[in-house]
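Asker: Taking the hints as your guide, dock the two standalone chains into a single complex.
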Amino acid sequence: MAAEGKTIDALSQFELVPVLGPIGRAVGFSQSNAHMLLAVGLITLLFMVGMRHRAVVPGRLQSAAEMLYEFVEGVLIGQVGHEGRRYFPFVFALFMFVLFGNMLGLLPYAFTYTSHIAVTLGLAILVFLVTTIVALAIHGKKFFGYFFPEGAPLWLAPIIIPVEVVSYISRPISLSIRLFANMVAGHVMLKVFATFIVLIGSLGAVGFLGAALPLAVNVALIGFEILVAFLQAYVFAILTSIYLHDAVHLH
Amino acid sequence: MMPRLPHGSFWRLAVIGLLLAQAPAALAQHVTAPAPTGPVRTDEPLPGGRPPSPPVQADSDRANAIREANRTAAEYNQAAHEAADAGGMPQLDFGNPLTIAQVVWLFVIFGLLVFLAAHYLLPPVAEVLENRRARIGADLDAARDARAEAEAAEAGQRDSTARARAEAQASVAAAAAAAQADAARRNEALAEKLNAQIAEAETRISAARDSAMAALREAATDATDALVKRLSGLDDKTAVEAAVGRELAARNITSGAA
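Here the protein sequences line up with chains A and B, keeping their order.
For what it's worth, the working numbering labels the leading residue of the first sequence as 1, then goes sequentially.
For what it's worth, the working numbering labels the leading residue of the second sequence as 1, then goes sequentially.
Chain B extracted, bound-state conformation (with noise of 0.2 Å):
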């Protein structure tokens, strides 16, 4: 994922680290020799300037070394002490060799840590972050297909819907017209029907109430005649037949067709 701490190099961080921690210790001269017979007494405090214990033994290496090994135990010791007497802190005793080995074991155990992190503890987390997201917008990517989907379909039925509607009106609005027309023809063939009833009737009408009238002169002259010869002996058919014009004018009553 990052390649900002190579191997090679983080290695050669460890392998310095590895050295300097070593340096306080071996400035402090080299603890070769292995424990010997008597075992080495490190918590013994020796005060600073005090000769070691044994005295000189023929075999001096090896009381050399151990001789070494306490002072650098007693060293420690003493060095803490020191401190802790001083009342300062341990923390800016840097004569103790320890503060800077520590320093030094440091860098090398941070140098781990970050080579760990790059290398072993991050990629999963970050692949499992990134699968995570992948799926997530994977899954957000068909709700919202589906979803553009279904509204897809639901514009589509709206439309037929629609559409089926306009086409029922139309074909109801077609079909009123039509009856409508039908209607009106109808009622205009049955309206002239009536009208050429009604003419022809009227004309009948008048034809018989015309003979009607002409008959009813002529009724009226015979009956006035016959009244008038009946009661006066008169005999002049010309002066009745004037006086029931004249009478039936007054009427309204003409023999004519009215």
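Isolated chain A (complex conformation) (with noise of 0.2 Å):
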């Protein structure tokens, strides 16, 4: 699949194809979604095994466990403050989505489902509903005036309105591309990279030591997508944070 004849191939690693038989190709089940449910089930392992003791001097299991736990606590409680303690799973489980998304996509084989943009807006609007609807919920017909903030000159309405309902409205869209182009670009870089290793190193002794190379690039740039797959998972849960934050306390 690297390097079928002699092109490259950088998108096909982000083609969708339906597992478990007959079954999963009925109720549209690729693997993507087998990877989510990998995820989830490695998240719900390192939870269980981790915490299986309950330790008051935690061993490495429960430490990351809790580590990850008190840094997703530290972004919403930080953003939020403690009212936002009820989202917490709601974030949590954001956060170690996308993680688990980006991190596995990095192995072998497997597929990244936050490289699909269906995913990722899928997620980010989900997270719009929920911000939206916890602020009506708590500020009902008040939340509408979150789109013109007190103290502006009432003529300035027209412009404030518009320009503030489409920034809202565009949270989504860029929260779900900023994830989703990161994502891609990493893969496909490294598709591509790995395909000059098989395509130079095709060419004999020579094309050995010149694979060396992409071989090298590769290697850098696994190590930047960790951080990236990180990175992402981290933006999208304090972005999510603080659009809890607009959503309890209207700016």
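What the hints contain is simulated information worked out from the structure, not anything from laboratory work.
Since the model is a prediction, treat every value here as computed from it, not as a measurement.
Hints may contain errors.
[Unchecked claim] Just a sample of chain B residues kept apart from chain A, beta carbon distances all over 12 Å, derived: (1) A73; (2) E75; (3) D93; (4) T99; (5) N131; (6) R132; (7) R135; (8) A146; (9) S171; (10) A226; (11) R251.
[Unchecked claim] Here are the simulated distance ranges between beta carbons: (12) A220/A <-> R135/B: 58 to 68 Å; (13) A164/B <-> E70/A: 52 to 62 Å; (14) I159/A <-> E130/B: 31 to 41 Å; (15) Y109/A <-> R135/B: 37 to 47 Å; (16) E149/B <-> H249/A: 41 to 51 Å; (17) I173/A <-> N64/B: 53 to 63 Å; (18) G59/A <-> E130/B: 17 to 27 Å; (19) A146/B <-> A220/A: 48 to 58 Å; (20) E150/A <-> A150/B: 51 to 61 Å; (21) A146/B <-> Y109/A: 56 to 66 Å.
Just so you know, even glycine gets a beta-carbon here, dropped at the ideal spot from N, CA and C.
Answerer: Written out as structure tokens, the structure is:
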């Protein structure tokens, strides 16, 4: 799949393929969804196994679980304050889901579900709906005051309100495209340089030496991608927290 | 911990998700028949418009089912190939039913994760962290108490040391004062006694001197009288007495009490 013939095929890695035989085909269950299930399974396993002793002095797995917990908690509480505690499972699930999706995608043969705009947009719209519903539930009609800050001169309303509404509505778009574009770019780069390794390596002895360069690039890229994987999950979580802050406090 | 997503709504979401996930396939006709005698070849790429290969059969239901199954499989393959051939991104291929089904499954699986996180994954962590915080807090409190106690004990000890020292100093001072007073009293008594003795001795000395002086005048007069009698033969006792008196007065020796 890396180099069919002599072409660079960087996009076929994103193709969806139904799994689980005829049943999976009937319900449209693709390898992307299988990886989502795998991520959820791994997250569950990490916390179930890590926390099974509930030790006061934690072991390695428990430390990892606690670290992730406290990290997301810090992000959420730092933005929203203690009123945000009730949304913690949601933000935590988002962070872990995106983090594991990004990280799993770096493994060979794995599929990166966060590289699909449909998935990231789905998550972003979920965030958008949750934050909007929270805002409406807490503030009722006053929520619409969010689009026109108090104290602004009234004649500016025709300018301010559309700008605020557009910026509010474009949140899920920027949120989803950021994650999607980062993951696609990273994986395309990896695939392109991996193809270079194969293409150059097939040139014989000289090719073997030449292939070392794209290999080195790929090694560096993998490190970079691990950083991006974490960073994008963090960005997703912190932006969600910021939106939740706006929803809870209205500015 | 957080009743944001109650069980009821989760299951409702799951059921809706399942139903929606089936929608694409359901739209593309039901796949109702079990696998027929011949295997359903799903990997055979069927170009779009080409009619299925088996000719019209008597058992048309079954044949239709097989045809549909093959067609569904072929659609996926075809869509994938088309996307690949067109050089477009598979992510933007919304003609592929898997793209939308993927999102529906995403909501189901993500909902499952939120549910698991809220009810099974996070509470133990919160509990452990709370326990640890409480334990560390209790230990710190105990340590603080112990320190306060130690400080109190130290202060008490310092207090009692100071008090003991003050007491000791007071008693030393009192003893010194008493000793001084005693010594002064004894000194005074001694001085008095000595003064009395001195006075007595002086009286005695002056009496002795007086008597000695009286005896000296008599002796001098007698000796002078005797000398004058022997040398000149004169016997003028009165003149001798006067001369001795004069001489003694000149030498500042008087016969009376000095």
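Asker: Checked against the structure, which of the hints given earlier come out wrong?
Answerer: 1, 2, 3, 4, 5, 6, 7, 12, 14, 17
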